[in-house]
Amino acid sequence: DSGVTQTPKHLITATGQRVTLRCSPRSGDLSVYWYQQSLDQGLQFLIQYYNGEERAKGNILERFSAQQFPDLHSELNLSSLELGDSALYFCASSEGTDYGYTFGSGTRLTVV
Amino acid sequence: AQSVTQLGSHVSVSEGALVLLRCNYSSSVPPYLFWYVQYPNQGLQLLLKYTSAATLVKGINGFEAEFKKSETSFHLTKPSAHMSDAAEYFCAVRSQGNLIFGKGTKLSVKP
Chain A
550 DSGVTQTPKH LITATGQRVT LRCSPRSGDL SVYWYQQSLD QGLQFLIQYY NGEERAKGNI
610 LERFSAQQFP DLHSELNLSS LELGDSALYF CASSEGTDYG YTFGSGTRLT VV
Chain B
23 AQSVTQLGSH VSVSEGALVL LRCNYSSSVP PYLFWYVQYP NQGLQLLLKY TSAATLVKGI
83 NGFEAEFKKS ETSFHLTKPS AHMSDAAEYF CAVRSQGNLI FGKGTKLSVK P
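So the sequences go chain by chain: A and B. Residue numbers 550 to 661, in this note's numbering, belong to the letters of the first sequence in order. Residue numbers 23 to 133, in this note's numbering, belong to the letters of the second sequence in order.
Since the hints were made in silico from the structure, they are not lab data. Being a predicted model, the structure only gives us computed values, none of them experimental. It cannot be assumed that every hint is accurate.
What the hints assert, rightly or not - Here are the simulated distance ranges between beta carbons:
(1) A:S614 - B:G119: 19 to 29 angstroms
(2) B:Y61 - A:L610: 39 to 49 angstroms
(3) A:V661 - B:S102: 37 to 47 angstroms
(4) A:Q590 - B:S48: 18 to 28 angstroms
(5) A:A563 - B:S74: 41 to 51 angstroms
(6) B:S102 - A:S614: 43 to 53 angstroms
Note that CB positions come from ideal geometry on N, CA and C, so glycine has one too.
Construct all of the structure, not just a fragment, from the sequences and the given hints.
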């Protein structure tokens with residue numbers, strides 16, 4: 550157990566729908582990062598939050614949004630889902646220094 | 023922008039043989055470099071990191087990596103492969119506070 554908790558582990562939904570992925574960071578970590586992993590694109594950085602504020606944006610689609618709450622957990626919202634959004638979505642957390650990230654076990658999203 | 027390139031999407035070695043996974047970085051400033059491992063159906067686990075201290079970095083599970091500025095490389099090695107090392111390995115560079123990952127190298131270990 551890495552200490553980073555992601556729910557749900559698996560999600561199957563239809564095109565056009567909206568889903569919410571949840572992440573609880575490791576205790577004491579203020580930064581949360583979201584990544585998308587797919588066979589063709591590899592690991593793509595989506596967005597980072599630090600202590601409730603958006604810190605950096607990567608290759609995140611406009612249909613996707615995220616937030617970090619006062620208790621530091623984070624949610625990634627994916628809307629108007631397309632088949633191509635099927636992927637593994639990882640959350641990672643860090644103390645906010647130059648240490649490596651701690652990753653959760655991911656949410657596997659399948660859009661049908 | 024900083025980036026990493028992993029040479030070889032698949033590497034196959036025999037059990038007991040040397041493991042060498044290649045990573046080259048592109049960076050205009052001294053980089054922070056990382057190696058992660060991903061076992062099937064799991065998240066990524068940090069193997070080791072280079073943060074401008076010693077150029078030879080030792081990690082978990084017997085892995086180590088050497089930072090070579092002249093070659094802009096950060097190759098991952100292990101003297102003797104075990105079956106349990108079969109996984110996908112990712113090199114990453116810290117860029118503007120975020121980790122940018124390479125495409126990954128899948129390591130197979132033959133008995």
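Review point. What hints, given by number in increasing order, does this structure fail?
Key: Number 2 - this is the single hint that the structure violates.
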